[in-house]
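> Next come the chains, spelled out residue by residue.
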Amino acid sequence: MRYGEAGYNLEIDLTRGNIERVETDPKMLEQFLGGLGTSVKIHFDRVPPETKAFDPENILIFSNGLLCGTPMFSANRTLVTFISPQTGLLAYPMMGGFWAAELKYAGYDKVIMRGKSPKLIYIYIHNDKVEIRDASHLKGKGAIETQELIREELKDPRIQVAAIGIAGENKCFTASIEQSRSSASRGGGGAVMGDKNIKAIAVRGTKPLYLARGEEFMKVMKEVTEYINFRNTNPLPGVMTILSGIGSPAEMKHVDEQWHTTSFAWGNARARRKDFWTKEIEESWKGVQLSAIKRFISCFNCPQQCGGLIMHKDVPPYMMKCFSKLTYLMGAYVDDLSFGFEIGKKAFEYGLDSFSTPQILAFAVELRKEGILSDKDFEGCPEDKEGQFNWLLDKVAHREGIGDILADGTYWAARRIGNGAEKFDHNTTKKHEQMNIKLGMLDPLYYLMYATNEKISITQIEGNWPQAAFASKEDREAFVKDWPQLPDDKMKQYFLDWEPRGEKANPYYPTPDMCSEIVDWMEMIHNIDDAIGLCAGMGSFCLKPPYHIHNYPKLISAATGMDLDEKSLQRIVNRSRNLHRAVNLMRGMCRADEKPPESHWKHRFPEYEEQLLTTYYNYKGWNYDGVPTRERLEELDLAYVADELEKRGVLKNGQDNKEN
Amino acid sequence: MAKTTKKIKTIKVDADKCNGCRTCEIVCSGFHSEPKYSAINPAAARIHVTTHRLKNIWLPVFAGEYTPAECNGRDKYIIDGKEYDECSFCRAACPSRDLFKEPDSGLPLKCDMCEGNESGPLCVEWCLNDVLIYEEREEEVDEEIMVNEMEVGLDALITKYGLDRIETAVSRMTKRN
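Protein chains in written order, with my numbering: chain A, 1 to 660; chain B, 1001 to 1177.
Hints in this document: simulated from the structure, not taken from any laboratory.
Wrong hints could be hidden among the right ones.
[What the hints assert, rightly or not] Using 35 Å as the maximum straight-line C-alpha spacing, the simulated DSBU-like pairs for lysine-lysine come out as follows:
hint, chain 1, residue 1, chain 2, residue 2
1, A, Lys222, B, Lys1101
2, B, Lys1082, A, Lys294
3, B, Lys1036, A, Lys27
4, B, Lys1101, A, Lys155
5, A, Lys155, B, Lys1012
6, A, Lys207, B, Lys1101
7, B, Lys1076, A, Lys207
8, A, Lys139, B, Lys1082
9, A, Lys346, B, Lys1017
10, A, Lys155, B, Lys1036
11, A, Lys119, B, Lys1055
If you're wondering where the values come from, they're calculated on a predicted model, not measured in any experiment.
Produce the entire structure from the sequences given, and follow the hints as far as they go.
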């Protein structure tokens, strides 16, 4: 009997059309939990570093998290893993929605796909019955449209579908995978799916999922629920509205967008508009948003309402979440919120990442202004900002004309265009577009997060620690008073001493040692969430969340029956974290790649930044090059990884000491 | 006829507040598993959220009586411009659909208001958006005349053959014995 997990994976060879239901090794649960943890292990075992994104050997895994389908509120994440066409590294975008739990109820933890189908297909999983079905009639259909068409075709509204749009079919490097009100966007999973000729994966499950100690599990959930209710009725004082609650930032609910519009950079991540949020804008935006959103909606088993059903003007209905109402708008320098809701529908149907894509379009607009791209490249393009963005979006999704080059993302497009375009690619790290934030003073915590995490996307790294120091000592004291989420009470002192200006402020405070502890903790919480399939909005991504290091072990243990405490849980996620790093290091990632964009802060401290990085590497048990030492790997039962790293020359003899 | 009071239990559904999370299905299936919370399976829940996301339809419906036959003539509603499928509001476990049936055995499921649970129905307790509201009230009803098993059988015979023929048969049998 398996608890918490289904205990079976689906292995699908698309080239041969072969499907197998394979029982998984129960030891993997103890070693890697599930979700991202076990997926990383499969990639390490099966995909050699020579494999490229569009090789048939690149496997694509759709995985639920260990606790998806249990009564744990907000455990609903689907993790998609693959070698990214954009970064060449192991990417792991994830999505909420309803798919993950449905897969668990169908009796599987993962769908592992290899090879390439000779023609466009979709996969239908209905408990023990799994089919590869023809999808030629769905070619060119929108990612949202496809989900509805498949439900109609199979005559069951309860089927959950993850689909790609035309951008995925055309292998755009920022193509997303869309599913109900969610999407797995970063890193081009949609492109890999398109390359394998998979239009969609549909799931329906009606089997039970077993809990080892169900009543005990519900008791912990009762406490969690009380805290959710408390946090939902008591927003945190002293921080911006958007940061004061729990859940993925409730972008659909909050109409106060002062923080995003004045702190984030517009255009190609260029300029802040500190005086943007006027009374008139506030009034107009409030009107547009309130009329556009028909209903607040959630993902599976989540009490929060981070998503919205959008019925805006004559735009066909669709669902939106997160920051996407603003990304295209800010990229295009458009002041009317209506534009955000209009272009959003088109972008979701195309199936494009709404973080990277607007920056790519804004990059193209800049190149046109600079004369690096010519009028010929923009033939037929309207002159107004809105029209220009819509036109560019069409070109990218269809890979037509200049769109074919832009569809590879800012980094690769800049190199293909040449002629000075490279210097307009100023906001990527490891070839991936970063958040459009440009600030003054180097922030040592953010420096480390941007530089080192395998996610390569800040929103999935930061979270539990406040983004900035509080100005008044009283506010700081009030904040630390009720902060049970901390792994160690000594961190309260770090926060109390942390000042916005002066000696105990960025960039030298928190000190590199303190920064290492804080960043490592935040990353660990994300890694736990990604293994159990919890929405970061209820764990790692927000301040004072309902789930934390002190209650995760109780829930995991009650669900699975395995003995687990904080230390052993930490050890498990450290294991998969180091394994993930090993995969990327073997793919060529190195210390020189580990840096935030040059333009991220105005005030930089190159020597100090190196010191920060080295301190953090040491803290993690990595050598000067950022490679986990043999000692560290052996501590985590990963001697086989050390062997592999040595064999490939990534870990060199004699570099195992921590003195570098 | 004598009057007596009867306890009426209802779950009021404020469907406009539903955000479609299906926690009600999860907790219902857990509570009704044996032992409690040993298994979770929304398909075996006695409450179901009918969902058509793009049509703005999220409608929790909890299981009512089993019916051996599907109805002749279905209902379709248009409310607020939204067309609800036939059977959307129906609570019956019925041959026309697989809803409210135990997935393996096909046996019908019926909401029992989580009988035995002190805090009342669990779907209500775990819905943090107050979509489901439990209400209890006392109603004065005619006192039921309790009938025994034999009378139930006799009733059926009377319905089929008429009282006269039954009386004749009984008197004939009395004489014979």
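> Are the hints correct? Go through all of them and say.
We went through each hint and held it up to the structure:
1. Restraint check for Lys222 (chain A) and Lys1101 (chain B): satisfied, since their Cα atoms lie roughly 29 Å apart, inside the 35 Å limit.
2. A distance of roughly 13 Å separates the Cα atoms of Lys1082 (chain B) and Lys294 (chain A); the hinted pair therefore holds under the 35 Å criterion.
3. Distance hint between Lys1036 (chain B) and Lys27 (chain A) is fulfilled; the C-alpha atoms sit about 27 Å from each other, no more than 35 Å.
4. At most 35 Å may separate the alpha-carbon atoms for a hinted pair to count; Lys1101 (chain B) and Lys155 (chain A) meet this at roughly 18 Å.
5. Between the alpha carbons of Lys155 (chain A) and Lys1012 (chain B) the distance comes to roughly 30 Å, so the proposed pair stays at or under 35 Å and holds.
6. Of the supplied pair hints, the one linking Lys207 (chain A) and Lys1101 (chain B) holds, its CA atoms being roughly 13 Å apart against a limit of 35 Å.
7. Among the hinted pairs, Lys1076 (chain B) with Lys207 (chain A) is consistent with the structure: their alpha-carbon atoms are about 31 Å apart, no more than 35 Å.
8. Our distance criterion of 35 Å between C-alpha atoms is met by Lys139 (chain A) and Lys1082 (chain B), whose separation comes to about 29 Å.
9. For the hint linking Lys346 (chain A) to Lys1017 (chain B), the alpha-carbon distance of about 28 Å falls within 35 Å, and the restraint holds.
10. For the hint linking Lys155 (chain A) to Lys1036 (chain B), the alpha-carbon distance of about 33 Å falls within 35 Å, and the restraint holds.
11. At most 35 Å may separate the alpha-carbon atoms for a hinted pair to count; Lys119 (chain A) and Lys1055 (chain B) meet this at roughly 32 Å.
When each numbered hint is compared with the structure, no violation occurs for any of them.
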